[in-house]
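Novice: Sequence:
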Amino acid sequence: MDIKIVDTTLRDGQQSLLATRMTTDEIMEVAPILDKAGFYSMEVWGGATFDAPLRYLGENPWERLDAIRSALKNTKIQMLLRGQNLVGYRHYADDVVELFIKTVKKHGMDIVRIFDALNDVRNMEKSIEVAKDEGMHVQVALSYTVSPVHTIDYYVSLAEKVKKLGADSIAIKDMAGILLPRQGIQLARAIKEATDLPVELHTHSTGGVGPTLIYEAVVSGNVDIVDTGVSPLAMGTAQPSIQTLYYMLKDADIELDINIEAIHEASKIIKEIVQKHNPPAKVYMMDPMVLKHQVPGGMLSNLIAQLKAMNAEDKLEEVLEEVPRVRKDLGYPPLVTPMSQIVGTQAVLNVLKGERYAMITKELENYIKGLYGKPPAPINPELVQKVLGDEKPIDVRPADLLEPELPKARKLGAPYIESDEDLLIVALFPEQGLEYLRRRAMKKYGVDEELVIYDEDVVVYPVP
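According to my numbering, the stretch in the sequence shown is residues 1 to 464, in order.
In short, the hints are calculated from the structure, not lab data. We treat Cβ as the ideally placed atom computed from N, Cα and C, and that holds for glycine.
Derived lysine-lysine pairs resembling DSSO-like cross-links, with alpha carbons at most 30 Å apart:
id: 1; residue 1: 362; residue 2: 328
id: 2; residue 1: 126; residue 2: 411
id: 3; residue 1: 192; residue 2: 250
id: 4; residue 1: 102; residue 2: 132
id: 5; residue 1: 106; residue 2: 408
id: 6; residue 1: 102; residue 2: 164
id: 7; residue 1: 315; residue 2: 362
id: 8; residue 1: 4; residue 2: 164
FRET-style restraints, in silico, Cβ to Cβ:
id: 9; residue 1: 411; residue 2: 212; range: 49 to 57 Å
id: 10; residue 1: 378; residue 2: 251; range: 43 to 51 Å
id: 11; residue 1: 446; residue 2: 25; range: 18 to 26 Å
id: 12; residue 1: 186; residue 2: 317; range: 31 to 39 Å
id: 13; residue 1: 315; residue 2: 151; range: 29 to 37 Å
The task is simple: from the sequences and hints, build the whole structure.
Specialist: What follows is the structure, encoded as structure tokens:
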């Protein structure tokens with residue numbers, strides 16, 4: 001059977017299970033071994049792997065990409081792109097989107113997986129256009145969720161729209177791990193019949209059904225590509241394990257065209273890396289309750305952290321019950337970045353304040369104004385009235401309201417910017433980006449930080 005395997009170990013695997021804390025050195029320990037495994041492609045970049053190295057590891061994400069590209073001589077590489085949000089948490093202007101994607105191509109990216117949290121195609125148009133112009137394979141991911149409006153017909157219509165925009169393949173993105181086998185097979189079949197494009201299945205094992213879903217989808221013949229990870233950076237809140245899938249399919253007389261011995265070798269190295277970061281019990285955690293409350297693993301851990309900071313951990317069950325109510329009020333947005341944060345934070349506030357929407361976050365206000373895109377279903381009219389009054393939500397592509405951002409970023413980072421890559425670091429994450437570039441400059445020129453005087457517009461290094 002000609003089924004392709006995409007490995008997610010170095011991006012979604014470590015993002016889901018190690019909070020994206022793998023260092024570049026750790027990645028380089030295992031990347032050459034994974035290159036021997038025979039994967040169709042490896043997802044190695046994007047998502048939080050741009051922000052986290054800057055913020056927590058003091059590493060340059062562009063240099064990491066170059067290192068990985070050089071190590072993977074036999075395997076395509078791909079990234080996850082959040083549409084107009086790129087690898088950040090807000091919409092960026094088109095000039096940033098264009099330069100970012102062109103720079104990604106320059107660094108050797110083969111495949112770009114593009115999604116939007118609301119499945120609003122307007123938020124994917126620009127990134128699809130530029131990626132196509134740059135000659136990369138454009139895969140559009142449809143954010144899967146369960147609601148009265150998210151039917152098979154809804155997803156088929158969405159798939160047909162993105163095909164017209166130039167998608168080369170379609171991914172079903174089940175970020176919460178709530179897609180069940182029968183539903184998954186029906187959805188994949190419907191999309192494939194409607195578009196005649198390759199269909200890829202991406203799920204998480206959070207609810208425990210991931211391996212069965214992937215297995216059944218492969219056996220049914222309705223998917224062309226599946227995402228897996230190498231255990232121990234698989235299962236739990238990450239993707240199903242390639243080792244598990246390999247032996248399940250072998251039992252069904254289906255041989256995957258992969259090097260299982262190379263995968264076993266990589267697994268040993270990954271195990272040593274994981275043990276330096278996390279206790280094994282945390283790595284392998286699953287929560288079948290996600291099939292009921294639909295809260296993805298990353299969102300759940302964030303809710304727990306918020307409640308712990310407020311000494312209100314005992315309110316978790318109430319918050320989990322409030323999440324679907326907030327989601328319904330907001331028109332059933334899929335719970336993926338940034339909507340998972342917006343819905344989750346509002347649910348926490350509703351519970352702790354003892355009154356629903358007594359306090360409304362700025363992000364929720366912007367969502368109701370339409371600044372994140374078009375909701376899948378109408379927002380509760382009472383909530384719209386409370387937030388907007390007589391004002392109307394915008395009805396244009398949100399990025400159309402943004403002025404070009406690169407000139408401002410170039411001015412902001414003027415003392416430190418040496419390349420387009422540096423410019424993008426500042427444009428995407430001004431605070432963390434400037435801090436990284438500043439420290440790099442200090443180290444490069446041997447400047448003692450304690451002697452540097454910071455003014456609002458200038459940096460002064462006293463002359464003895």
